[in-house]
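Enquirer: Each chain is listed here by its residues.
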Amino acid sequence: MPAIEILGLEKTYTVGFWRKRPKQALKSLHLTVEEGEIFGFLGPNGAGKTTTLKLLMGLVFPSAGSARILGMTIDDPRMKAQIGFLPEQPYFYDYLTARELLDYYGQLSGVDASIRSRRVDAVLHRVGLPDVGDVQLRKFSKGMLQRVGIAQAILHDPKLVFFDEPMSGLDPMGRREVRDLMEQLKHEGKTVFFSTHILSDAEALCDRVAIIHQGELRGVGAVADLTSSVHGQVELVWQGTAVPASMRGLGAECHVTGDTVRAVLPEDKQDAAIEILRRERLRLISVTPVRASLEDYFVQKLQPAVSVGARS
Amino acid sequence: MSTRIGHIAANTFREAVRDRVLYNLIAFALLLSGAAILVGQISIDIERLVVINLGLTAVSLFGIVIAIFIGIGLVSKEIEKRTLYTVLSRPVRRWEFIVGKFFGLAGTLFVNTFLMAIGVFGALLYVSRHFQRADAWVLVALYFIILEFVIITALALLFSSFSSPLLSAVFAFALFVIGSFSEDLRGFAAIAHGVTHWLATGAAYLVPNFSALNVISSVAHQQPISGHLILYNTAYALIYATMALCGAVVIFEHRDLK
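Those protein sequence lines, which keep their order, are chains X and S. To convert, note that position 137 of the first sequence is 137 in our numbering; the numbers rise steadily by one, no gaps. To convert, note that position 103 of the second sequence is 103 in our numbering; the numbers rise steadily by one, no gaps.
Accuracy of the hints is not assured; some may be wrong.
Stated by the list, open to error - Within a straight-line C-alpha distance of at most 27 Å, the following computed DSSO-like cross-link-like pairs (lysine-lysine) qualify: (1) X:Lys27 <-> S:Lys77; (2) X:Lys142 <-> S:Lys81; (3) X:Lys20 <-> S:Lys258; (4) X:Lys269 <-> S:Lys81; (5) X:Lys301 <-> X:Lys23; (6) X:Lys301 <-> S:Lys77; (7) S:Lys77 <-> X:Lys159; (8) X:Lys20 <-> S:Lys81; (9) X:Lys186 <-> X:Lys142; (10) X:Lys23 <-> S:Lys81; (11) S:Lys77 <-> X:Lys142; (12) X:Lys27 <-> S:Lys258; (13) X:Lys186 <-> X:Lys159; (14) S:Lys258 <-> S:Lys81; (15) S:Lys77 <-> X:Lys20; (16) S:Lys77 <-> S:Lys258; (17) S:Lys77 <-> X:Lys23.
The set of hints was computed from the structure by calculation and includes no laboratory data.
Work the whole structure out from these sequences, hints included.
Expert: Right under this line is the structure:
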C-alpha cells in the first residue's frame with residue numbers, strides 16, 4: 001500500500017475583490033509515495049507545493065480529484081492520528097511554554113497521559129531544545145520555533161511526516177541536524193514527505209523527488225535516475241599536459257589543470273578515446289560518467305515553462 | 001471526541017488568563033468598592049438599589065466587552081497566525097474546534113462573572129450590613145447575564161468564522177445594541193403596517209432578545225422573577241446560541257484556510 005496516493009488533485013482559487021477570476025494553483029496532480037521513503041517535493045516559490053500540502057492536510061478543499069494517505073481518505077481522523085505536519089514558517093501559541101504546547105498537541109493527537117510527559121521530554125531533546133522546555137514561545141528565535149515545529153510533528157510517533165520547507169530559518173548546523181533527523185526517521189521505517197526549494201538538501205536526502213512548477217508536475221523519479229539521464233557523457237582524466245588532436249575530433253572538451261588533462265565527451269566515444277590515449281602512451285587516471293546535478297535537471301524542467309510564459 | 005473539545009476549551013481559557021483578560025476584575029473591584037463607599041455617604045435608603053444596579057450593569061458590560069473582543073478573534077486570529085494548521089492536521093474535526101473555542105470563552109466569562117458576583121455581594125453586604133431574602137434574585141439576574149454572554153459568544157464566533165475581526169466586532173456590537181432594544185422593536189412591529197410590519201417583525205425575532213434577559217432594574221427594586229421567565233430565557237438562550245454555533249460550524253466546515 002502506498003503511503004500517499006494523489007489522484008488528479010486540483011485546486012482553483014478565486015482571486016480579485018471586485019472582478020473575481022479563477023486562479024489555478026494546482027493542475028491535476030497524480031503522485032504516489034511509497035512507504036519508508038524520503039520524498040522531496042521540489043519547486044520554486046509559488047509553484048504549488050504548499051497548496052498540495054494544505055490539500056493533503058484538509059486545510060483547503062480540492063476543486064477536483066482525491067487523495068489517500070496510508071490507505072485512508074484525507075478527512076479521516078484515524079489517518080490524522082498517524083501523520084505529523086510541519087507547516088511553512090510555523091507560528092505557535094506564544095503564551096505557552098514549549099513543554100505546554102507539546103503537551104497540548106499530544107492531548108489532541110490522543111497520546112496517553114501516562115507517556116506524554118516522557119514523550120515531550122524526548123522530542124525536546126531530539127530537536128536540540130532540552131533546556132528551554134519551560135520558556136514561553138514568545139521568547140523563541142525563528143530557528144528555535146522551527147525546531148519546536150519539528151518536535152510537534154514527530155511527538156506522537158507518526159508513520160508519515162510532512163515537512164513544508166523544514167530547513168527554513170535554520171543555521172547550517174541546524175540544517176545538518178534536521179537532515180540527520182530525517183534520515184533517522186527513515187531508518188525507523190517512517191515515510192518523510194518534504195517540500196523544499198533548496199535542491200542540495202533534496203539531493204542529499206531524497207530517495208525520490210517530484211518537481212512542480214506553476215501548479216504542474218514536471219518530473220518525478222529517483223534522484224540518481226533523473227540526474228544520470230540528463231547528459232550521457234563521460235569524463236576522462238589523464239596525466240600530462242598533452243591533448244592529442246584526434247581527441248578533439250571525438251568532440252571532447254579538454255581542460256588542462258596542472259599536470260592533468262580533463263576531457264568530457266559523449267559516452268559512445270569513450271572506447272575510441274581510451275584507444276587514442278593508449279596509442280599516445282598517455283597514462284589514464286580515471287573514467288567516470290558525468291552526472292548532472294539535480295539543479296541541472298531542475299532548471300531543465302523549468303525552462304520550457306519559462307519560455308512559454310515569455311511568449312504569452 | 002469530547003476530550004478534544006475539553007482540551008481546546010482549556011487552552012482557550014488558558015490563553016485568556018495569560019493574556020491578562022481577568023485583569024478587568026481589578027477595574028471592576030475598584031469601581032464597585034469606590035461606588036459602595038460613595039453611595040454609603042451620599043444616599044439614604046437606596047444604597048442597595050444603587051449597588052445592585054451599578055454592580056450588575058458593570059458585570060454585564062465588562063463581560064460583553066470581553067465576549068466580543070475575544071470572541072471575534074477566536075477563529076480569525078488562528079487562521080491569520082496559522083496556529084490552526086497544526087491543530088487541524090491532527091485528529092480534530094473542525095466542528096470540535098469551534099465548539100471547544102466556544103466552551104473555552106464561555107468558561108472564561110463564567111469564572112469572570114463568578115468572581116465579580118462575589119464582589120457585588122461583598123459591596124451589598126458593606127452597604128446594608130446584612131443580606132435580605134430578596135438578594136437571592138440577584139443570583140437570577142447574574143444567571144441571565146451569563147445567558148447573555150452565551151449568546152454573544154456564539155454570535156462573535158459565528159462572525160469570526162467568516163469575517164475579519166473588525167467587521168465581526170461591528171456586527172456583534174450592533175446586534176448587542178439592537179438586541180437590547182428588541183422589546184421596542186417588537187412594539188414597533190406590532191403597530192406597523194404592510195411591508196414595514198413584516199420587516200420589523202422579522203428583524204425583531206432575528207436579533208437576540210436581550211431585553212428579556214435584562215432584569216437588573218426589577219431585581220434592584222426587589223421584584224421577584226417568575227419561574228416561567230427563567231425557563232423561557234434558558235430555553236431561548238440555549239436555542240439561539242446553538243443555532244449561531246451551528247451556523248459557525250457550517251461556514252467553517254466549508255472554508256478554505258488559505
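Enquirer: Next step is simple, just say for each hint if it's right about the structure.
Expert: Do the hints match the structure? See the list:
1. Simply put, X:Lys27 and S:Lys77 have alpha-carbon atoms about 30 Å apart, too far for the 27 Å limit, and the pair is violated.
2. Proximity of X:Lys142 to S:Lys81 is assessed by CA-CA distance (about 14 Å); at most 27 Å being required, the pair is judged to hold.
3. Between X:Lys20 and S:Lys258 the alpha-carbon distance is near 16 Å, which keeps this suggested pair within the 27 Å criterion.
4. Straight-line distance between C-alpha atoms of X:Lys269 and S:Lys81 comes to about 59 Å, which puts the hinted pair past the 27 Å bound.
5. A hinted pair counts as satisfied when its Cα atoms are at most 27 Å apart, and X:Lys301 with X:Lys23 qualifies at roughly 22 Å.
6. Our distance criterion of 27 Å between C-alpha atoms is broken by X:Lys301 and S:Lys77, whose separation comes to about 39 Å.
7. The hinted pair formed by S:Lys77 and X:Lys159 fails the criterion: a straight-line CA distance of about 31 Å is larger than 27 Å.
8. About 25 Å separates the Cα atoms of X:Lys20 and S:Lys81, which keeps this hinted pair within 27 Å; it holds.
9. The hinted pair formed by X:Lys186 and X:Lys142 meets the criterion: a straight-line CA distance of about 26 Å does not exceed 27 Å.
10. With a C-alpha separation of about 24 Å, the suggested pair X:Lys23 and S:Lys81 falls inside the 27 Å cut-off, and the hint holds.
11. Under the criterion of a C-alpha separation no larger than 27 Å, the hint pairing S:Lys77 with X:Lys142 is consistent with the structure, at around 20 Å.
12. Between X:Lys27 and S:Lys258 the CA atoms are separated by roughly 17 Å; this keeps the pair inside 27 Å, and the hint holds.
13. At most 27 Å may separate the alpha-carbon atoms for a hinted pair to count; X:Lys186 and X:Lys159 meet this at roughly 10 Å.
14. In summary, the hint linking S:Lys258 to S:Lys81 is supported, as the alpha carbons are separated by about 11 Å, within the 27 Å threshold.
15. Simply put, S:Lys77 and X:Lys20 have alpha-carbon atoms about 25 Å apart, close enough for the 27 Å limit, and the pair holds.
16. Taken as a hint, the S:Lys77 and S:Lys258 pair is honoured in the structure, with Cα atoms around 13 Å apart against an allowance of 27 Å.
17. Under the criterion of a C-alpha separation no larger than 27 Å, the hint pairing S:Lys77 with X:Lys23 is consistent with the structure, at around 25 Å.
Taken one by one, the earlier hints fail for this structure at numbers 1, 4, 6 and 7, listed in ascending order.
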